[in-house]
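For the protein sequence lines, the chains are A and B, in the order given.
In terms of my numbering, the first sequence is residues 1 to 232.
In terms of my numbering, the second sequence is residues 1 to 378.
No lab work stands behind these hints, which were simulated from the structure alone.
We put the beta carbon where it would ideally sit given N, CA and C, even for glycine.
Where hints are given, some of them may not hold.
With a Cα cut of at most 25 Å, we get these calculated BS3-like pairs of lysine-lysine [unchecked claim]:
no.	chain 1	residue 1	chain 2	residue 2
1	A	K136	B	K285
2	A	K136	A	K115
3	A	K145	B	K366
4	A	K145	B	K235
5	A	K189	A	K217
6	A	K145	A	K120
7	A	K88	B	K213
8	A	K136	B	K366
9	A	K120	B	K295
10	A	K120	B	K285
11	A	K115	A	K88
12	B	K235	A	K88
13	B	K102	B	K151
14	A	K189	A	K136
15	B	K235	B	K295
16	A	K120	B	K16
17	B	K102	A	K145
18	B	K247	B	K213
19	A	K120	A	K136
20	B	K213	A	K115
21	B	K102	A	K120
22	A	K115	B	K295
23	B	K285	A	K115
24	B	K18	B	K366
25	B	K366	B	K285
These stretches of chain B come out as covered by chain A in the derived footprint (C-beta under 8 Å, 3 or more residues) [stated by the list, open to error]:
no.	stretch
26	8-22
27	295-305
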Amino acid sequence: MPASAITATNVVKWFGEGDARTTALREVSLDAYFGEMLYIVGPSGSGKTTLLSVLSGILRPDGGSVSVEGARIWDLSSDALADFRLHKIGFVFQDYHLFPRLSTAENVAIPLILKRRNWKESIDEAMTYLDIVGLKSRAELPPVKLSGGEQQRVAIARAIAGQPDILIMDEPTASLDGDTGHAIVSFVKTHILNDKRCILIVTHDARIYELATRILKMEDGRLTGSETGGPR
Amino acid sequence: MRGILQLAYKLLVNDKAKFTALLVGITFAVFLMVQMLSMFAGILSRSSATVFNVNASMWVMDPSVQTVANTIGMPDYVLDVVRSIEGVNWAVPLYSGGALVKLSDGTFQSASILGLDDTSLFGRPQLLQGRIEDIYGENAFIVVKDPEFSKLGNPQVGTEFQVNDHRGVIVGIATVNSSGLFGVPTLYTTYDRARQYLPNPRFTISYVLVEPKRPADVARIKQQVEALGYLALTKAEFVDRISAFYKYQTGIGINILIMTVMSFIVGLSISGQTFYTFVLENLEKFGALKAMGAKSRELILMILFQAGFTAMTGYGLGVGLCALMITLARVRRPDYAAMITFQNLALAFVMVVIIAAISSYVGVRKVLRIEPFEIFRA
């Protein structure tokens, strides 16, 4: 049995107050393990992104607990929580959120710079990660000069530059055509996933379901089912 | 930490349009503020030109005198009494007044006349042509070669003119440290000749110039002059009194103040709004940094650095531009009345810091409020 990377127990989250209150997560419990690529799927508004935010330490739940590698993250101070995200989590945002005024290499170096690493050293190390995603030759270009698929790969390089244990990908194929999206997630499964890393992907793109280790289905703020994905 | 500042720097300067707009706003504001303050400093300095040029340690005058140009005559006994005060090393009279000079071509020109003590010639200017003892010659005047010199028809040694139907002749051409404020040429002569040539009220001593024996004697001299019903001021106090008059008793001070405040508001508006737009446009990126693990204080540091860097660069450019303008103006007009002082620079610096602080405060508030979750929801 692989070690548990994330354990969520009875997580509750609501937005608004009084009559306007909307419950986004209703007592959600799950375990995510190292070495697996776990999908959270479901229709829009089912709470996938909210769950991802709670699990990654950026949205405080209103109930329940989240433990990452055995530590209850929501008991941490805000500074410790920021450090937790910096050292343990890598994010690939849906819209990439690359900095258009920085070069590709500088974008990838951001987590290293946030870790107080020297600028030049960070850029040099960023080149290693750009090499992994096959974009070393594009290092000097600004992200806007890259295609959507290339920007996605830059975002992945940035996410793994901090060598996180957990990689969070929010709708990684939403801005890409079918083939490119499939190729990107396939690349992540082949090159980024390993026994010491857990990858959580929120998606409703059925074309990439075959790449998942496990799929959790969400509906109306609840986990409604689980199924095993394709082979690793 | 340097890496984070470098990141902030790159985010700022790589957005060339915004950075340029920010710099232009602050540079323009600093330029206007320093230019206004420099002009005012120049005016204040010029208003005390006679005090600087004569360079006496103490000045005795009528208490109603507000500026060096507007004199009120004192009776001769004041000079005698001042000379008798314990602690006075020496005391001499000075005549200061205005006159209409009739030039050889028949035109009239206003001039400032300074009559120096006949015995000591204390306060005499530095001569470029002629000898100082020639001032004792018949009808002798020394003209100051300053930017107003040409208004007397560029006189040479030997040039003649008339003052109140008296013949005058130039016996020397001199230079002084500071030109006057009112754009009229200056003539030096002896105290006695000034009294004879110029229309006078009953009392003729404009000022008694005093040299105390020791600095400790200044207070006693002031006290005893006050007992006479007159006023004794040190050089610095007299300059301050003249400056206070121009600051508070004329419209110059308030107008300069209004222009300076307007420059500040213009700078604040342009820079504040541009910086706010800059932060707004980067808000999602700051949110992404927060999600990745940047702490709030690091984001605040980034914004403060960006605002501070822009402010200091704009400050340097603004001061440089002002210095360049004053230098260029002086090429055309050597006595252009503007001077950049340390006080002006310090005041403009404080205003720029306020602009940067207000601009960054708005940005910091926005960045602190952004929730990383918003980045996911977007």
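(request) Please write out, lowest number first, the hints stated earlier that are contradicted by the structure. (result) 3, 4, 7, 8, 12, 15, 17, 18, 20 and 21
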